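Protein sequence lines, in the order shown, are assigned to chains A and B.
Per UniProt numbering, the very first residue in the first sequence carries number 1; after that it's consecutive.
Per UniProt numbering, the very first residue in the second sequence carries number 1; after that it's consecutive.
Honestly, the hints are just simulated from the structure, not real lab data.
Be aware that a few hints might be false.
What the hints assert, rightly or not - Simulated pairs of lysine-lysine, DSSO-like, Cα-Cα distance not exceeding 27 Å:
#1 A:Lys421 <-> B:Lys56
#2 A:Lys678 <-> A:Lys532
#3 A:Lys136 <-> B:Lys56
#4 B:Lys109 <-> A:Lys136
#5 A:Lys421 <-> A:Lys442
#6 A:Lys442 <-> A:Lys360
#7 A:Lys678 <-> A:Lys212
#8 B:Lys24 <-> A:Lys421
#9 B:Lys54 <-> A:Lys421
#10 B:Lys51 <-> A:Lys421
#11 B:Lys102 <-> B:Lys158
#12 B:Lys109 <-> A:Lys130
Note that the coordinates shown come from a computational prediction; the quantities given were computed from them, not determined experimentally.
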Amino acid sequence: MADPITLTIDGRQVKVPAGTLVIEAAKTVGIEVPAFCYYEGFSLQAACRMCLVEVEKMPKLQPGCTLPAAEGMVVYTESPKVVEARKGTLEFLLSNHPLDCPVCDKGGECELQDMTFRYGAGESRFVEIKHHVDEKQWSPAVYYDAARCILCYRCIRVCDEGIGVGALGLTYRGVAAEITPSHGDHLECDECGWCIDVCPVGALTSGTYRYKSRPWEMNYAGTICTHCSDGCKTTLSVRNGEVIRANNRDRSGVNGEFLCVKGRFGFDFVHSEERLQSPLLRKDGNLEPVSWSEALAAVAARFGEVKARNGKFGIIGSTHTSNEENYYLQKFARQGLGTANIDHHRSGDVPALLDALSGKTGKLATSADLYNAKAALVIGSDLAQQHPFLAFQLRANFRHHQAAVYTVTSGVVREEQYAAKSLHCEAGQELGTAQSLAEDLKKHGDLVILFGDAIRGQAVRQLVEFGESLGIPVKYVCLVDYANSRGAMDMGLLPNLGPGYHAAPAVGLSRDEMLAAADLDVLWVVGSNPFKTTAPAGTSTFTVVQDLFLTETAQRADVVLPAASAYEKNGTVTNVCGEVQRLKQGPKVMGTKSDLEIFGLLAKELGLNLGIWTSDKVFEEIRRTVQGYNVPLPVIATGGAAQTAAVNGGVPQTGKPEYIRSAGDTLFTSGTLGRYSKMLNRVMEAPGQLYKP
Amino acid sequence: MTFSPELEAKFAKMIQNYPAGRQKGALIPMLLFAQDEVGSMTPELLEEVSKRLKVKRVEIEEVIGYYTMLTREPRGQHHVQICTNVSCMLTGGEELYQHACKKLGIGNKQKTADGQFSLEEVECLGACSWAPAMLIDYDFHFNVTPEKLDGLIESLKKTQ
Numbered sequence: 001m002a003d004p005i006t007l008t009i010d011g012r013q014v015k016v017p018a019g020t021l022v023i024e025a026a027k028t029v030g031i032e033v034p035a036f037c038y039y040e041g042f043s044l045q046a047a048c049r050m051c052l053v054e055v056e057k058m059p060k061l062q063p064g065c066t067l068p069a070a071e072g073m074v075v076y077t078e079s080p081k082v083v084e085a086r087k088g089t090l091e092f093l094l095s096n097h098p099l100d101c102p103v104c105d106k107g108g109e110c111e112l113q114d115m116t117f118r119y120g121a122g123e124s125r126f127v128e129i130k131h132h133v134d135e136k137q138w139s140p141a142v143y144y145d146a147a148r149c150i151l152c153y154r155c156i157r158v159c160d161e162g163i164g165v166g167a168l169g170l171t172y173r174g175v176a177a178e179i180t181p182s183h184g185d186h187l188e189c190d191e192c193g194w195c196i197d198v199c200p201v202g203a204l205t206s207g208t209y210r211y212k213s214r215p216w217e218m219n220y221a222g223t224i225c226t227h228c229s230d231g232c233k234t235t236l237s238v239r240n241g242e243v244i245r246a247n248n249r250d251r252s253g254v255n256g257e258f259l260c261v262k263g264r265f266g267f268d269f270v271h272s273e274e275r276l277q278s279p280l281l282r283k284d285g286n287l288e289p290v291s292w293s294e295a296l297a298a299v300a301a302r303f304g305e306v307k308a309r310n311g312k313f314g315i316i317g318s319t320h321t322s323n324e325e326n327y328y329l330q331k332f333a334r335q336g337l338g339t340a341n342i343d344h345h346r347s348g349d350v351p352a353l354l355d356a357l358s359g360k361t362g363k364l365a366t367s368a369d370l371y372n373a374k375a376a377l378v379i380g381s382d383l384a385q386q387h388p389f390l391a392f393q394l395r396a397n398f399r400h401h402q403a404a405v406y407t408v409t410s411g412v413v414r415e416e417q418y419a420a421k422s423l424h425c426e427a428g429q430e431l432g433t434a435q436s437l438a439e440d441l442k443k444h445g446d447l448v449i450l451f452g453d454a455i456r457g458q459a460v461r462q463l464v465e466f467g468e469s470l471g472i473p474v475k476y477v478c479l480v481d482y483a484n485s486r487g488a489m490d491m492g493l494l495p496n497l498g499p500g501y502h503a504a505p506a507v508g509l510s511r512d513e514m515l516a517a518a519d520l521d522v523l524w525v526v527g528s529n530p531f532k533t534t535a536p537a538g539t540s541t542f543t544v545v546q547d548l549f550l551t552e553t554a555q556r557a558d559v560v561l562p563a564a565s566a567y568e569k570n571g572t573v574t575n576v577c578g579e580v581q582r583l584k585q586g587p588k589v590m591g592t593k594s595d596l597e598i599f600g601l602l603a604k605e606l607g608l609n610l611g612i613w614t615s616d617k618v619f620e621e622i623r624r625t626v627q628g629y630n631v632p633l634p635v636i637a638t639g640g641a642a643q644t645a646a647v648n649g650g651v652p653q654t655g656k657p658e659y660i661r662s663a664g665d666t667l668f669t670s671g672t673l674g675r676y677s678k679m680l681n682r683v684m685e686a687p688g689q690l691y692k693p
Numbered sequence: 001m002t003f004s005p006e007l008e009a010k011f012a013k014m015i016q017n018y019p020a021g022r023q024k025g026a027l028i029p030m031l032l033f034a035q036d037e038v039g040s041m042t043p044e045l046l047e048e049v050s051k052r053l054k055v056k057r058v059e060i061e062e063v064i065g066y067y068t069m070l071t072r073e074p075r076g077q078h079h080v081q082i083c084t085n086v087s088c089m090l091t092g093g094e095e096l097y098q099h100a101c102k103k104l105g106i107g108n109k110q111k112t113a114d115g116q117f118s119l120e121e122v123e124c125l126g127a128c129s130w131a132p133a134m135l136i137d138y139d140f141h142f143n144v145t146p147e148k149l150d151g152l153i154e155s156l157k158k159t160q
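All chains should be modelled from the sequences, with the hints used to inform the complete structure.
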């Protein structure tokens with residue numbers, strides 16, 4: 001970096017690196033230069049004229065958002081001339097603005113409102129009739145009210161540069177100018193809704209939130225998105241116990257402001273009419289609603305009886321439940337019920353990766369590494385579809401640092417638009433094809449390799465060997481499917497491995513083997529839907545299901561216990577990069593209990609002593625016993641992410657790789673949760689076929 | 001969609017004028033020449049240009065919306081544009097425009113029933129020194145009087 005330069009802003013000395021914009025230089029000393037069109041991280045526009053500042057020896061006011069700071073520059077950001085200019089700009093911006101703030105969604109959190117309050121164009125000299133355009137619906141998610149639009153281009157830039165879709169443009173000119181969607185009258189895009197969030201006024205509004213609430217009437221819960229494994233922070237806006245909006249305007253969490261359609265709109269499964277709100281017990285062949293005490297007693301009675309006669313249990317855990325719940329469940333299974341048959345739907349071979357990296361440190365990439373690495377290699381995953389945030393990180397890295405991205409996939413992927421090199425191969429040939437890139441990869445300073453379920457078992461070890469042979473620092477990400485897929489493995493929901501990938505006392509059955517076993521006495525399925533694809537072999541198996549919905553599995557159960565979703569509980573989850581983050585309870589759905597509470601009550605009913613079942617207490621135990629989870633509490637308590645590697649040493653048995661397969665979700669599907677999200681099903685791009693924006 | 005061999009040749013040559021990777025620059029001339037042949041900015045035309053120049057559809061929409069010379073409505077065989085901006089207005093541009101409306105029996109951005117003429121009131125044509133000015137297709141006419149306008153229109157009618 002060039003030598004820092006010194007300039008004076010409002011009488012204060014500011015030292016910034018050369019090339020810094022005046023607006024950013026001012027920020028470093030706590031001076032806010034107001035701007036509508038300027039948006040950190042995106043291309044410069046200088047469209048709104050709100051950031052005009054006075055610079056000594058410059059004849060006219062200068063836009064602070066495009067003016068690079070120069071040595072000895074003297075800037076005034078609040079001089080009478082500047083204030084007058086801003087007042088004029090506002091008067092102009094308001095000349096056609098409908099001023100319908102009392103009913104506008106943005107009222108109370110509107111940048112135009114704030115600026116008008118501050119620089120106060122209390123009256124207007126315009127006498128002309130305001131130009132009115134009716135509002136338009138572009139998609140179930142996005143509405144546009146042209147009259148409110150101040151043409152700042154923010155939405156256009158985040159869509160084009162940030163998401164890489166470019167579904168928005170600006171057509172016509174003068175008073176008729178307005179934002180236009182990709183297909184004339186409607187949008188075909190990722191439906192991520194970022195355009196709505198960045199809109200400084202109420203021109204773009206959200207299909208789920210519009211005209212429902214005032215921003216100060218809601219409670220906000222910053223939690224982690226419960227769909228894919230990327231672990232984006234999403235802040236739920238909750239009114240009267242109902243989630244009506246999700247966004248991340250405070251840019252907390254690993255994802256900053258980024259969210260995909262699932263994070264921003266996919267929360268509506270929480271309030272689906274099909275949520276289970278009462279336990280169900282099979283009586284005379286039918287599932288009938290019963291009280292919690294009756295249902296728990298029935299489960300405990302059967303569990304106790306089977307345990308007493310040394311019967312055969314099978315337990316399938318979830319990829320959406322918290323680390324605490326997963327830890328408690330495996331403890332319940334191993335200590336409480338004395339069974340080794342515990343597994344979950346495995347979608348990536350993390351144990352093999354950790355084993356291959358045995359003894360090495362700093363080899364697991366964080367999500368921030370994807371933004372900072374010089375190069376990245378994506379193997380066997382359509383990242384933009386399956387890991388929208390990781391894809392966003394790579395795209396931002398390319399945009400800001402010209403990172404070289406390589407892809408090795410069986411089909412066309414969106415990363416190819418900017419990739420340094422893209423190779424297509426037959427499924428199963430990914431490893432060999434990736435190895436052919438060795439000479440290209442060696443050129444770069446460092447590398448992150450991301451691989452999907454195509455690389456598993458022995459192939460993971462070969463991939464790591466290949467990576468380590470390149471002679472440059474390489475980090476790895478083993479892609480897994482769901483919000484806590486990684487946590488399920490770290491917490492020992494594996495037939496052969498306990499928490500922290502320690503060898504389990506005994507090796508049990510894998511998920512597929514449990515389903516195929518005809519002699520299971522009890523099958524306990526927590527937040528998973530295995531019967532959707534595989535019919536169970538056991539005909540007399542007593543099946544207990546904890547879920548949000550009456551899934552294919554729950555329909556065949558003997559007892560169904562209504563569980564709370566991740567948005568309704570506290571706890572921690574671990575994302576695909578091994579980053580532990582905190583869940584915070586937003587809404588509460590009547591009649592449900594968190595899985596942890598259900599485990600605790602069942603343990604009590606059975607007379608088992610498995611410890612206190614509050615998430616904080618269980619997390620304390622995890623921190624004590626699982627290596628790497630001793631993460632700094634202040635970091636996660638304040639909404640940050642702490643990376644962990646649950647093992648650093650050989651993994652005794654990495655399990656059967658043949659049972660590892662990704663569910664292959666896309667941008668608009670998300671397993672069971674996605675099926676019950678109206679918004680994910682209403683958008684025309686659903687059900688998630690690859691579309692070409 | 002395909003264009004006439006002459007137009008294809010023109011496009012092929014035009015694209016050579018731009019440095020590699022910047023073929024996008026040919027967008028406006030390409031749209032304009034294509035419009036002359038096709039008659040208007042049809043959806044098929046947009047699709048074709050979008051494909052050839054690797055430009056997003058919405059970017060073309062932006063250009064069409066901005067430039068009045070590109071139109072979605074088919075025009076007449078001859079497009080008459082009359083300036084009513086300051087210099088022309090002071091020297092009779094308004095009257096000239098009104099006269100043209102009466103003469104052709106149509107209003108702004110309309111087309112005669114026989115499809116021969118369309119009319120448009122435009123801003124500055126860059127000919128203030130010779131106001132009032134007008135354009136018929138790509139031909140420029142200055143110091144226009146209502147009589148001169150009548151003559152031009154009649155002669156065009158005859159050549160049909």
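Now for the hints, and whether the structure bears them out:
1. Restraint check: the Cα-Cα separation between Lys421 of chain A and Lys56 of chain B comes to about 22 Å, which is no more than 27 Å; the hinted pair holds.
2. Under the criterion of a C-alpha separation no larger than 27 Å, the hint pairing Lys678 of chain A with Lys532 of chain A is consistent with the structure, at around 20 Å.
3. At roughly 22 Å between alpha-carbon atoms, Lys136 of chain A and Lys56 of chain B fall within 27 Å of each other, so this suggested pair holds.
4. As the CA atoms of Lys109 of chain B and Lys136 of chain A are separated by approximately 26 Å, the hinted pair is consistent with the 27 Å bound.
5. The suggested pairing of Lys421 of chain A with Lys442 of chain A holds, with an alpha-carbon distance near 14 Å, which does not exceed 27 Å.
6. Between Lys442 of chain A and Lys360 of chain A the alpha-carbon distance is near 20 Å, which keeps this suggested pair within the 27 Å criterion.
7. Among the hinted pairs, Lys678 of chain A with Lys212 of chain A is consistent with the structure: their alpha-carbon atoms are about 17 Å apart, no more than 27 Å.
8. A distance of roughly 23 Å separates the Cα atoms of Lys24 of chain B and Lys421 of chain A; the hinted pair therefore holds under the 27 Å criterion.
9. About 19 Å separates the Cα atoms of Lys54 of chain B and Lys421 of chain A, which keeps this hinted pair within 27 Å; it holds.
10. For the hint pairing Lys51 of chain B with Lys421 of chain A, the CA-to-CA distance comes to about 22 Å; that is within 27 Å, so the pair holds.
11. As the CA atoms of Lys102 of chain B and Lys158 of chain B are separated by approximately 19 Å, the hinted pair is consistent with the 27 Å bound.
12. Taking the CA atoms of Lys109 of chain B and Lys130 of chain A, the gap is about 24 Å. The hint holds against a cut of 27 Å.
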